[in-house]
Amino acid sequence: MEILLIIIIGLLHAGGLYMLLRRSMFKMIIGLILLGNGANLLIFLMGRLVKGHPPVIEDGLKVFTEIYADPLPQALVLTAIVIGFGLQSFAIILIKRVYKVLETDDLDELNSTDEDI
Amino acid sequence: MIIAVLSGFFFAALLPLLGRFAKKTIPLIFSLLPISLFIFFLFNLPVIKNENTWISHISWIPSFGIELSFRLDGLSMLFSLMITGIGALVFTYTAYYLKGHPYLDRFYGYLSMFMASMLGVVLSDNLISLFIFWELTSISSFFLIGFNNEDASSRKSAMTALGITGFGGLVMLIGFVWIGYITGTYSISELLSKPELLKNHIGYPWIICLIFVGSFTKSAQFPFHFWLPAAMKAPTPVSTYLHSATMVKAGVFLLARFTPILGDTLLWTTSLITIGAITMVYAATHALFRVDLKSILAYSTISALGILVFLIGLGTEKALLAATMFILAHALYKAALFLITGIIDHQTESRDVSQLAGLRKVMMPVAIAGFIAALSSAGVPLLIGFLSKEVMYEATLQFGQWAVLLTLLLVLTKIFLFVAGFWAGIKPFAGTLPNEFQKVSMPSALLWVPPLLLGTLSLLFGTFPIIIEQALIQPVVNSMVGKENPIYLALWHGFNLVLLLSLITLVLGFILYLYLKPSEKLFLKTLKFEAVSPENLISGFGNLFSWFALKWTKFFQNGYLRNYVITILAFLTFLTAYTLFGGVNIYIDWNQISTITPSEIIVVVLMIISIFFAIISTSRTTSIVALGVVGFANCLFFLFYSAPDLAMTQFSIDTLTVLLFMLVLFKLPKNKTLSSKGMRLRDAVLSLLFGTLIAILTLEVFEEPSGSEVSKYFADNAYLLAKGRNVVNVILVDFRGFDTMVETVVLVIAAVGVFSLMKLDLNPSKKD
Amino acid sequence: MNNSLIVLPIVIQFLAGTILLFFWVKTEMQKVLSIIFSVLALSISIWLFMLVWNQGIQVTQSGNWQAPFGISFVADVFGATMVLISSITGFAVSIFSAGSMRKERLEFGFFPILHFLIMGLQGAFLTGDIFNLYVWFEVVIISSFVMMTLGGKRKQLEGAIKYVSLNLLASTLFLIGIGFIYGLTGSLNMADIAIKITDIQNRGLINVTAGLFLVAFGIKSAVFPMYFWLPASYHTPPPAVSSIFGGLLTKLGVYAILRSFTLIFGGDEFLVSMLGIIGALTILSGGFGALMHHHLGKIFGYLIICHIGFMMMGLGIFTEIAIIGTVFYLIHDIIVKTNLFMISGVLLKINGTQDIKELGGMYKNYPLLSLLMAIPLFSLVGIPPLSGFWAKIFWIKAGLETEEFVLIAFIILGSFLTLWVIAKMWGEVFWKPGEGLPKKANGLYFDELSTGDKWLWIFPIVFLSFISLYIGLAAENIIILSQKIAGDLMDPSNYIESVLQIKSIRP
Amino acid sequence: MKSLIFKTASTYLLPLLLLFSVFILLRGHYLPGGGFVGGLMASIAFLIHSFAFGLKETKEIIKINPGYLMPIGLILAVGSGIAPILINEPFLTGLWFEEPLKFIGMVGSALFFDIGVYLVVIGATLTIMFSITETV
Amino acid sequence: MTKNLLLSNLLLAIIWVMATGTLTEENFIFGFMVSFLILYLITVNKEERKYFTMLPKLIYFILFMLWQIIKANFQAVKESLYTKSKLSPAIVKYPLEASSDVEITLLANLVALTPGTLVIDISDDKKVMYIHVLHLENKESFISEVKNNFEKRLLELMR
Amino acid sequence: MKEIIIMILSTFGALFVLSTSVAMLRKPDVYLRISVTGKAATLGIGLLLISAAVFFSDYSVTTRVIATIIFVLLTVTIGGHMLARAAYFTKTPIWNGTKIDELAGQYDPKTHILYSEKHNSSIKPEKTDTPS
Amino acid sequence: MSLQEYFQLIIIPILGISVILVFIRFIKGPSLADRVIALDMLILISICIIAVYSMVFNHSTFLDIAMLFALIAFLSTTAYAYYLEQRERK
Ligand code: NA
Ligand code: NA
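Chains as they are written, first to last, in full-length UniProt numbering: chain A, 1 to 117; chain B, 1 to 768; chain C, 1 to 507; chain D, 1 to 136; chain E, 1 to 159; chain F, 1 to 132; chain G, 1 to 90.
Chain A on its own, in the form it takes in the complex (with noise of 0.2 Å):
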């Protein structure tokens, strides 16, 4: 299983640039949604994959008595899920900003700020 979770982390990884290379910002910004959902998967994988023992101690007992998944990686990944929202919403609005303001999608459009040599 693991190494079907990694072909999966490995495509994410390839989608998301294979966005990030498009010229329309929409898709810039699902190809860092999507690169954002793989190294979270990453992760998560570094806490090895262990199935139906959620790091919760059970009632009544004071520490765990059975194998439990690796809590460590699952802390991180939910820190970086809510900082990455944080950063998502706000290139969401930022590109309907700009698109308010430049009236294009089109990145190859955007580039005033680097031409004027």
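In short, the hints are calculated from the structure, not lab data. Treat the numbers as computed from the prediction; the structure is a model and nothing was measured. Treat the hints with care, as some may be off.
Below, a list of computed lysine-lysine pairs in the DSS-like style, where the Cα atoms sit at most 25 Å apart [what the hints assert, rightly or not]:
id	chain 1	residue 1	chain 2	residue 2
1	B	Lys517	B	Lys528
2	F	Lys110	A	Lys100
3	E	Lys126	F	Lys110
4	B	Lys759	C	Lys103
5	F	Lys118	E	Lys93
6	F	Lys118	E	Lys126
7	E	Lys93	F	Lys124
8	E	Lys93	F	Lys91
9	E	Lys139	F	Lys124
10	E	Lys86	G	Lys28
11	A	Lys62	B	Lys712
If the Cβ cut is set under 10 Å, some of the chain B residues that face chain A in the computed set are [said to hold, decoys possible]:
id	residue
12	Asn558
13	Phe612
14	Leu646
15	Leu660
16	Val664
17	Ser675
18	Arg682
19	Val728
20	Phe735
21	Met758
Distance ranges between label pairs, derived from CB positions [as the list claims (entries may be wrong)]:
id	chain 1	residue 1	chain 2	residue 2	range
22	E	Met158	D	Val107	41 to 47 Å
23	E	Tyr60	G	Ile20	39 to 45 Å
24	F	His119	C	Glu104	42 to 48 Å
25	B	Ser153	C	Leu368	25 to 31 Å
26	E	Pro95	G	Ile20	39 to 45 Å
27	E	Lys147	G	Ile20	37 to 43 Å
28	A	Ile3	C	Pro225	31 to 37 Å
29	A	Asp108	B	Leu522	55 to 61 Å
30	B	Ser153	C	Pro225	38 to 44 Å
31	B	Leu516	C	Ile277	56 to 62 Å
For glycine and all other residues, C-beta sits at the position ideal for the given N, C-alpha and C.
Chain A is fixed; fit chains B, C, D, E, F and G with the ligands onto it per the hints.
Frame of chain A; chains B, C, D, E, F and G with the ligands shown alone:
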């Protein structure tokens, strides 16, 4: 001594505050500084004569061996006297020359800053502090050349000068640091005591080359000479002070300073002789093709600098004595000539030597000064120029197998300089006064006294060399040669080859002066050769450089985000792939891999398809919803692999993101296919490459032995110490609570950002 | 040394940002509060610096969870210095913003974001935890996004698109790197990682991870070939924003590279030589760009790149002496670049344009101001003995020691290009007669401001210029400081022992 | 949206969902949930309400401008961090009341922290969503 | 009225729990039943007595709805296997008797849960409801079926 | 015994879900799909949740299961209503086998007011024959 | 066959097939409403999957996630409806 050096800076610093007052009332007050400094150094002459050197230390950056230490020996004394003495004259001269100029105070500020820096250069006993002052001279020179800053050509000249000398300085810095690295000290005094250390070092050729670049640029040696004629845009006092008497000689000073440390090797001698010879002949020739007085003087100055480098290159005691004499002689007559040119310019508003004539009738004292200076320049007996020329010829004649050639070159140069000097000092005053100059008035005494004073000194020292022989010249030679061989200066050495050569020089020079008239035509003819002049070659190189810079900048900063991304990720791929295939041991341990269940396969398929769908879909809403499915499948993974908290969070956030997208999107323009098929194919290949790389890396990291003691600690103590059962939450609010706190800040900032982005629009609205 | 108070700089900025959020549209109140908090933060940073300088590394384990379990905060000399410098800059920018930011922008949360941004930077300087570093990075970038787009002008938005996307890419790479680090060592505490990473057999993987970090931090610090976002965006926001960006943001990347490559990864030969090459090409790219442009913001932006190249090159040499140079330059550069963008702001305010072709006449019309501006400009060029000069000696010496002559050549080239660019700029802006100025601009021109408002513009420049002068003229103090920092960086055992509270890791 | 059914339903859904969000918040320390998810839940509740009734009415219900929830939440969170410093413990050290409270369980600084997070998340999410819906 | 009784009923149940001192759900339900019985015995007011008939009616109604839902699902299963030709969908205008928002909403929900119907919308004057019917044979019989089966029962319970 | 009950309940639940999915794929227009989703899914979910309740036989689980079921019932029906309504607004094509369409023309396109009396606005979805 | 195995081998595959069928609808569309209802359905199915998983792994806490899913599914449906209406209105 430190006060002496730094007083100029303090003075300059005070000017913004007091200058406005001073420039209106008594500008002469500014001259007090150089005069008092001159007197200070004059009073120290006996010290030098008796004790050879006077060193004073002030610790500045001890941790790197950098001190503000000053060394007053013969060499620095000579230069200090020149700097302050001519400085005093120039300061005085300026008081009238720029009378009423609105920025007179600034001018004095720069001038005194320059003077201080120059004193710093010649007095420094520490290489780094020497370099610091060296660069400061370049900067103050920049401001002085560009003093008429509203004139475009002035600005350009200032840039050229700064560019060349600044570059040279930087190169020289490497040499200095290298010396420090090899010898472990930056102290010149210490270096003087262990010269062999450097000469035997493998880096020696490089070091002297680096130092040569510094000194040649500063002293306007071929092929770096062209900034100097351009620098004549500066007001005449500046040209006088910086570009004839002092700053340009800093390079020569440096060579003289390093002679005992680095000199006396074949490389040193050959390079200096070659460059010096080329410069002196080349520049002297050029001088004959100019009609602008300042231009003539500039080229003759370059030529004189060439002679000095040449003499230092010879390196014999005689040659160094000659150099010393010539430094002094040149300073006296060239400064005078410049000042005279300034007077002519100031009074007649012309510097065209082919037009000027008969001015003696309106400004006799100036004519006298010019006459003396021209004679000294020509090397007529009884003037100091004669003395220096004699020693020069002696020096070349003694120089082994090359003696004949070198002497010939020197004689030739001297002949040309004879003419140049006469043009500048005599020609404007000789002949009949043209009509247009009839009404030229006599200049103020403040203008003509300084050049006359210089002329007087030329005459005085030339007639009675005994005045300076032991008091000044001997210590100078001592400090360069390092041992005490008494020198002997005299007007008369008997009839010998040297005298013959002197005579030949004078006669041929005079004939040439009579025969050759300065003319515009000649000057224009030389322009044909400009294409291959060093100036044009260097500016051509500069253009090539700019062209390359432009291409480079446009190539990388091309405005296309996707190119940026590709560049970055190509770099990343290169970096990681290089290490990956160079040093990573790639393997798969199947024991670490768990089996696959049908439900997992379904989610995997779901995920893969929706990734593709999000990518290839032509409708935006569809890609968004597909993205939602990707997130949803992600949730299922989290769920399967025991991360309920993650599943919940991911799911809610994904939904919110999709929602945001929907709310934002429907006003976007229609989705178009923008890139070509080939482009998409290329991107697809690149992306897959990148994805594969990440996947391989992930696999390899995954294969490393697992087990985190940190995680284990959290799991063991979540309930016992932190009183929570949901370990993930305990990590979030307790073990790693800081992360969470900061992360909330991220959310807040994002919210503020979204708010302002939506609500605040500072674009000028279309209505107005 | 345990001291729970070392998080105070962060807490102060946190409180500043939070409390300012309550004063949403009360801009005058915001100005006063922001300046008060900045003064407070500056005092605390000075206190922290003195404490660390006198008593050595200070550590606190947040939540009282021992390292490597909790998140450690470490104030070593480097961190404390960076905190101090950022507080100084923050103080100056706070005042400058009070004078220069448009009211509308202040009404939409400029000041809170400014304080959060500085909090993010200081958190990054103080944290001893790699994931926590990531979180601070995110605070910094999201704040910078907001500040960059605040007002939503055309150019701002265009620049922001590139800025945002490339920075997000960098964050993702950083995150992946952290994932690998965790996968390899099972730890997030940098000191702990430093120990555990030595036990890993598959060395190549560590180098790959280091490569990821290099690219992630490289993007942030705008080095070749990853700098593209900077010239596209840095000149677009208001000057107060540009100045904090120009001064501090890229330096965070440099800080992170310095920290991670000395503490965690050590100097792998390939990567270190890559750093050298990157540095050289960065100098080239920055210098070229600065040479080619005529918009002040762009010129300064490219100069940032050029000078980051210097610092990278110092890292590429990777000897203690070279690091001394880099640290010294880092300190100098933060102050001087901040000042530079403020100056460009003043020039804009006076003339209504930042195009050096249009600018002119400053020297004639504002002689004292010109003189003042000359200080940072020439400090930047590294006219000795001003602050930009000293580091070069160290780099040259280090280059000679390691026989990296090509790198020395690039340092000289970069210095020369800077000199040329600034001289050109000086000629155009200050010397050239100005025509048709001021250009049409929004709001009041500089001359129309009240004296008090003028001082809000000028005081920060004076303040930072004095600091620049101090760095240059009292270079001895800064060199001693840099030597201490470089020594600590090259031998992190003290850091590790203090964080993990173990006796000695030395064999 | 002018849907009667939706409007009526969301009137009843709002308190229900808010209750659920508090439930999720409080149990976070023991079971999956916590400040984040709880906060998101609550914002979703308000969002649904705003879809049904329009922003104006929802804002009236919230009473406080969600923008101010953010600093309040931040203060709570950082407050639970600073509190231990006052008794000379490291930042964010957990402080706990001796006895567990009925229904809520052990009450400690972690809980205040989580509530802070909860408020911030509500504030931020609503600020984001509201400012978009308002300008759309 | 019924509200008050419900409240008293709950209150009594709580008192019961407190009195017996065991806080378990079984005990609470038992207390509720006991107090229901007591209240039934002591209430004489005719209006108020409705409460006691309503509860069984409510229970019956819920069971009825459950049955409808199950029926709907089985039908859906059957229909999912139908071919297109056997479908005869329609959008029907249904005149409402219910008037308050809550009544209408509840009715709409109930209708939506029943076989093959989907409430599309309610007219702004709250007079008619537009229902999408999966399988319409006769419009009038459909309307009266909904009227009798759902609306009447519901209104009875509500009013 | 408990196991068998769970098995039966969950099997039925799963089958209901499956049948809905099949229907979703096969129904010719969006209104039919929406209509069909609501029901089968609710019962499917309900049965599966109930089987979970039986499985855990715990009071707190049971209450939560009931709450979830009620919630699903409520949201699915309301959601279906809103989606269908929105689809109608946006003139999503309706299957041409539809016998009667009394909603046609009843919405005001600008104000979105829905009339009870006969009205004749432009909101009349096209009829489509091609089920996709 | 144990209950666990039964779930793994019978129930989950059935639900899995449902997911795929719905997903096909999702891909086919053709209207946005179709996709939304498909997504809705996917979430509903995942609630079922969660219920089954909670039994497979004997963790009742998963059921809360199911509740959350239902709530969120509702939000996205309303949001889409809102979006569709707004789009029409512009
Ligand atoms: Na804590
Ligand atoms: Na704690």
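These are the hints, each one checked on the structure:
no.	hint	result
1	B:Lys517 x B:Lys528	20 Å, holds
2	F:Lys110 x A:Lys100	24 Å, holds
3	E:Lys126 x F:Lys110	19 Å, holds
4	B:Lys759 x C:Lys103	14 Å, holds
5	F:Lys118 x E:Lys93	11 Å, holds
6	F:Lys118 x E:Lys126	15 Å, holds
7	E:Lys93 x F:Lys124	15 Å, holds
8	E:Lys93 x F:Lys91	18 Å, holds
9	E:Lys139 x F:Lys124	21 Å, holds
10	E:Lys86 x G:Lys28	23 Å, holds
11	A:Lys62 x B:Lys712	14 Å, holds
12	Asn558	7 Å, holds
13	Phe612	8 Å, holds
14	Leu646	5 Å, holds
15	Leu660	5 Å, holds
16	Val664	4 Å, holds
17	Ser675	6 Å, holds
18	Arg682	9 Å, holds
19	Val728	5 Å, holds
20	Phe735	8 Å, holds
21	Met758	6 Å, holds
22	E:Met158 x D:Val107: 41 to 47 Å	43 Å, holds
23	E:Tyr60 x G:Ile20: 39 to 45 Å	41 Å, holds
24	F:His119 x C:Glu104: 42 to 48 Å	47 Å, holds
25	B:Ser153 x C:Leu368: 25 to 31 Å	27 Å, holds
26	E:Pro95 x G:Ile20: 39 to 45 Å	43 Å, holds
27	E:Lys147 x G:Ile20: 37 to 43 Å	41 Å, holds
28	A:Ile3 x C:Pro225: 31 to 37 Å	33 Å, holds
29	A:Asp108 x B:Leu522: 55 to 61 Å	58 Å, holds
30	B:Ser153 x C:Pro225: 38 to 44 Å	40 Å, holds
31	B:Leu516 x C:Ile277: 56 to 62 Å	57 Å, holds
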